[in-house]
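Chains as they are written, first to last, in my numbering: chain H, 1 to 167; chain S, 1 to 168.
Among the hints, erroneous ones may be present.
[What the hints assert, rightly or not] Distance windows between CB atoms, simulated:
| hint | chain 1 | residue 1 | chain 2 | residue 2 | range |
| --- | --- | --- | --- | --- | --- |
| 1 | H | D103 | S | V138 | 38 to 46 Å |
| 2 | S | E99 | H | D125 | 24 to 32 Å |
| 3 | S | K89 | H | E86 | 24 to 32 Å |
[To be verified] Sample of chain S residues with no beta-carbon within 10 Å of chain H, all distances over it, derived:
| hint | residue |
| --- | --- |
| 4 | K29 |
| 5 | I37 |
| 6 | S38 |
| 7 | L48 |
| 8 | E51 |
| 9 | S67 |
| 10 | L72 |
| 11 | D83 |
| 12 | F85 |
| 13 | T86 |
| 14 | R93 |
| 15 | M124 |
| 16 | F145 |
| 17 | R150 |
Hint data in this document are derived by calculation from the structure and do not stem from the laboratory. Glycine residues also receive a C-beta, built at the ideal position from the N, C-alpha and C atoms.
What follows is each chain in one-letter form.
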Amino acid sequence: MKLILLLLLILPLTSAFGQKLPQDAISTYFSEYVDDPDFSVVYVSGKVFGLFKDANLDLNKLDEEEVKAVFDVVKDIQGIRVLHTEQNAMARWKEAKKRIPTDKYELLFKVRTADGDNVEAFIQDEEAVISELFLLIGAQDNFAMLSFVGVVDLTKLSDLQRAIERN
Amino acid sequence: MKKLFTLLAFVLLTAALSAQNPIKKFIRKHNNGPENISITVPGWLIGLAGEIGILAAEDEEEEVIFSLAQSLGTTRILTFDSDDFTTKKDIRRLFSELETEHNYERWATIRAASGEQVELTVEMKGDVVKSIVAFVHVEEEHKTFFAHARTDFTAEELGDILNQLMKE
Numbered sequence: 001m002k003l004i005l006l007l008l009l010i011l012p013l014t015s016a017f018g019q020k021l022p023q024d025a026i027s028t029y030f031s032e033y034v035d036d037p038d039f040s041v042v043y044v045s046g047k048v049f050g051l052f053k054d055a056n057l058d059l060n061k062l063d064e065e066e067v068k069a070v071f072d073v074v075k076d077i078q079g080i081r082v083l084h085t086e087q088n089a090m091a092r093w094k095e096a097k098k099r100i101p102t103d104k105y106e107l108l109f110k111v112r113t114a115d116g117d118n119v120e121a122f123i124q125d126e127e128a129v130i131s132e133l134f135l136l137i138g139a140q141d142n143f144a145m146l147s148f149v150g151v152v153d154l155t156k157l158s159d160l161q162r163a164i165e166r167n
Numbered sequence: 001m002k003k004l005f006t007l008l009a010f011v012l013l014t015a016a017l018s019a020q021n022p023i024k025k026f027i028r029k030h031n032n033g034p035e036n037i038s039i040t041v042p043g044w045l046i047g048l049a050g051e052i053g054i055l056a057a058e059d060e061e062e063e064v065i066f067s068l069a070q071s072l073g074t075t076r077i078l079t080f081d082s083d084d085f086t087t088k089k090d091i092r093r094l095f096s097e098l099e100t101e102h103n104y105e106r107w108a109t110i111r112a113a114s115g116e117q118v119e120l121t122v123e124m125k126g127d128v129v130k131s132i133v134a135f136v137h138v139e140e141e142h143k144t145f146f147a148h149a150r151t152d153f154t155a156e157e158l159g160d161i162l163n164q165l166m167k168e
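Isolated chain S (complex conformation) (with noise of 0.2 Å):
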C-alpha cells in the first residue's frame, strides 16, 4: 500500500512539474540560433533597477515606470527569427496550453492581414495579476519577440499607473 503511494505521488508530482514549465520549454526551443537572444533577469535585481531608476528619475512619467517596474518579478525575454522555427503554431500551442491548463485569460489577441501579430494572456488569482506572457510577431523583420514575467499587482494599480501616464 505505502509502495504504490509513494508511486502515485511521484507519478503525480513528475506531472505536475512538467506541465509547469510550459514556459521555459518554449524558451529552450527557441533560442536555439546564432541571432536569438534570450535574457531572463530576476525580480530582485528589476527592484533594485527600479529603486535606482526612482532616485534618478527626473519627471514624475519616469518614477511611476520604475514603480511599476519594482511589481515585476523574474522577466524572461526572448527574441528570435521566426523562419527558424513553425513560430505560429508553436505560439499556438503554448497559449492553448496555458489557457487550458494553467488558468491563463487571453487579454488581447490582434492580427493584421499583412501578419504582423500582438497576443497577450495573464494569470490572475483573484484581482491580482500574478502572471503576464505576451508575443509581439514583426513579419517584415522575421522576428518575433516573446516575454513572461512574474507580477504581483492588482488591475485597479495597473489602472491607477495608467491614469498617472495618461495625465502627464
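Excised from the complex, chain H in its bound form (with noise of 0.2 Å):
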C-alpha cells in the first residue's frame, strides 16, 4: 500500500522534471520578447524543414544543383529564431550585447560602419561543423537577433556558393 502511495507521489513528479528542457541565453532572450507587440518575430521548427527534404521538390524556375545545395545546408536545421523591432534600437542592440554571452561563441565576422549600425557573426562549431549560426543586428532604427540552430555543414556551405556562382 505504501509502495502504491509512493509511486503515485513519484510519477508525477518524474514526469514534471522530464518537460523541463534546458534552454540557452537565447531561447530566454527569444521567450521574453516572443509577445512584447514592439517585436516582429519568427519560429520555423526544424520539422517544416524536414517537410520540404521529404518533398523531393522540384523547383523549375530555380536550378537543381542549386535547389539541392539549399536543401543540403538547411537539411539538419532544427529551428530558425528572428526577433526585429525598430523601436529604441540601439538600446536594445546593448542590452542584448550585456546579457548573451557571445563570449562563449565564436565570432565569424563583424561590421561597423561610421554611422554607428552594427552586424555580428557568431557559431558555435564542431570540426567544421556549425551548431548554431547566430547574427546579431544593431543600428539606428533597427534591432534584429537571428538564430539558426542546426547542423550547418561548413563544406555544404562552400557547395552552395559554387553552385550560386556557376549561374
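Join the two chains, each given in its own frame, into one complex according to the hints.
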C-alpha cells in the first residue's frame, strides 16, 4: 500500500522534471520578447524544413544543383528564430550584447559603419560543422537577432556558394 | 482497499478527461458572441466530400488537395472577434497547455509588429501527424481564426503532396 502511494507521488514529479528542457541565453531572450508588441517574431521548427526535404521538390525556376545545395545546407536545421524591432533599436542592441553570452561563441565576422550600424555573426562549431549560426544586427532604427540552430556543414556551404556562382 | 482503488481510478479518470479537452474548452469559451462562428465537421463527412471532390476535380492540383482532405479527421473551425476576449493570453495559455501536457510541438510562430500573428502546433506519434492546431490573428479586422484537425498522415506524405502541388 505504502509502495503504491509512494509511486503515485513520484510519478507526477518525474514527468514534471522530464518536461523541463534546458534553455540557452538566446532562447530565454527570445521567449522574453516573443509577446512584446514592439517586436516582429519568426520561429520555424526544423520539422517544417523536414517536410520540404521529404518533398524532394522540383522547382523549375531554380537550378537543380542550386536547390540540392540549399536543401543540403538546411536539412539538419532544428529551428530558426528571428526577432526584429524598429523601436529603441540601439538600446535593444546594447541590452542584447550585455545579456547574451557572446563570448561562448566564435566570432565569424563583425562590421561597424561610421554611422554606428553594427552586424555581428557568431557560430558554435565542432570540426567544421556549425551547430548554431547567430546574427546580431544593431542600427539606429533597426535591431534584429537571427538564430539558426542545427547542423550546418561548412563544406556544404561552400558547395552552395559554388552552385550560386555557376548560375 | 477496493474502495480506495475505485476512488483513485475515479480521480485519475476525471483528471485525464478534463486535461484531454483544452481545445474543446477553448472553443466553448470563444464561440460566444453574435458574430462568432464555430463549425465542427466530422471526419467521415470530409472523407465523403473528398471522394466527391476527386471525382469532380478538373485538374491534378484539385485532386491532390481533395486527397489531402481525405486524411483529415474531425475538424473544428472557429472565428471570433479578438476584442471580445483576452485573445492573446488565451491562445498563449492553450498552446502552453498543449505543448507541456499533451506532447504537441510548435512548428511555427510568426508575428509582425503590426499585430498579425500565425501559430501552428502539431501532435505527432512517431512519424504520423495526429493533430494540427492553427490560429491566425488579423489585427486590422480584429478577427481571430482558429482551426483544429485530427489527421492521419506522415510528414513524408505531406511532403509528397507539397511536391505535387509545387510541380503544378
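| Could one say that the CB atoms of K89 of chain S and E86 of chain H fall in the range 24 to 32 Å? | 25 Å, holds
| Any Cβ of chain H at or closer than 10 Å to F85 of chain S, or is the non-interface label fine? | 16 Å, holds
| field | Distance rule for M124 of chain S, whose beta carbon must clear each one in chain H by more than 10 Å | value | About 8 Å separates M124 of chain S from the closest Cβ of chain H, which leaves it inside 10 Å; violated.
| Far enough from chain H: is every CB of that chain over 10 Å from the CB of L72 of chain S? | At about 17 Å from chain H, L72 of chain S clears the 10 Å cut-off, so the statement holds.
| 10 Å cut-off, C-beta based - S67 of chain S kept clear of every residue in chain H | Non-interface label stands for S67 of chain S: nearest chain H Cβ at 15 Å, farther than 10 Å.
| query | Taking 10 Å as the cut and beta carbons as the points, is R150 of chain S off the interface with chain H? | reply | 18 Å, holds
| task | Indicate whether the distance between the beta carbons of E99 of chain S and D125 of chain H respects the range 24 to 32 Å. | result | 30 Å, holds
| query | Is the Cβ of F145 of chain S more than 10 Å away from each Cβ in chain H? | reply | Label holds. Min Cβ-Cβ 19 Å, cutoff 10 Å.
| request: Would you check whether the claim that E51 of chain S is not at the interface survives, using Cβ distances to chain H and the 10 Å cut-off? | output: 25 Å, holds
| task | Grab the minimum beta-carbon distance between K29 of chain S and chain H and tell me whether it stays above 10 Å. | result | Label holds. Min Cβ-Cβ 20 Å, cutoff 10 Å.
| query | Can we confirm that no CB of chain H comes within 10 Å of the CB of R93 of chain S? | reply | 12 Å, holds
| query | Has the hinted range 38 to 46 Å been met by the Cβ atoms of D103 of chain H and V138 of chain S? | reply | Cβ of D103 of chain H to Cβ of V138 of chain S: about 42 Å, so the range 38 to 46 Å holds.
In this structure, the one hint that does not hold is number 15.
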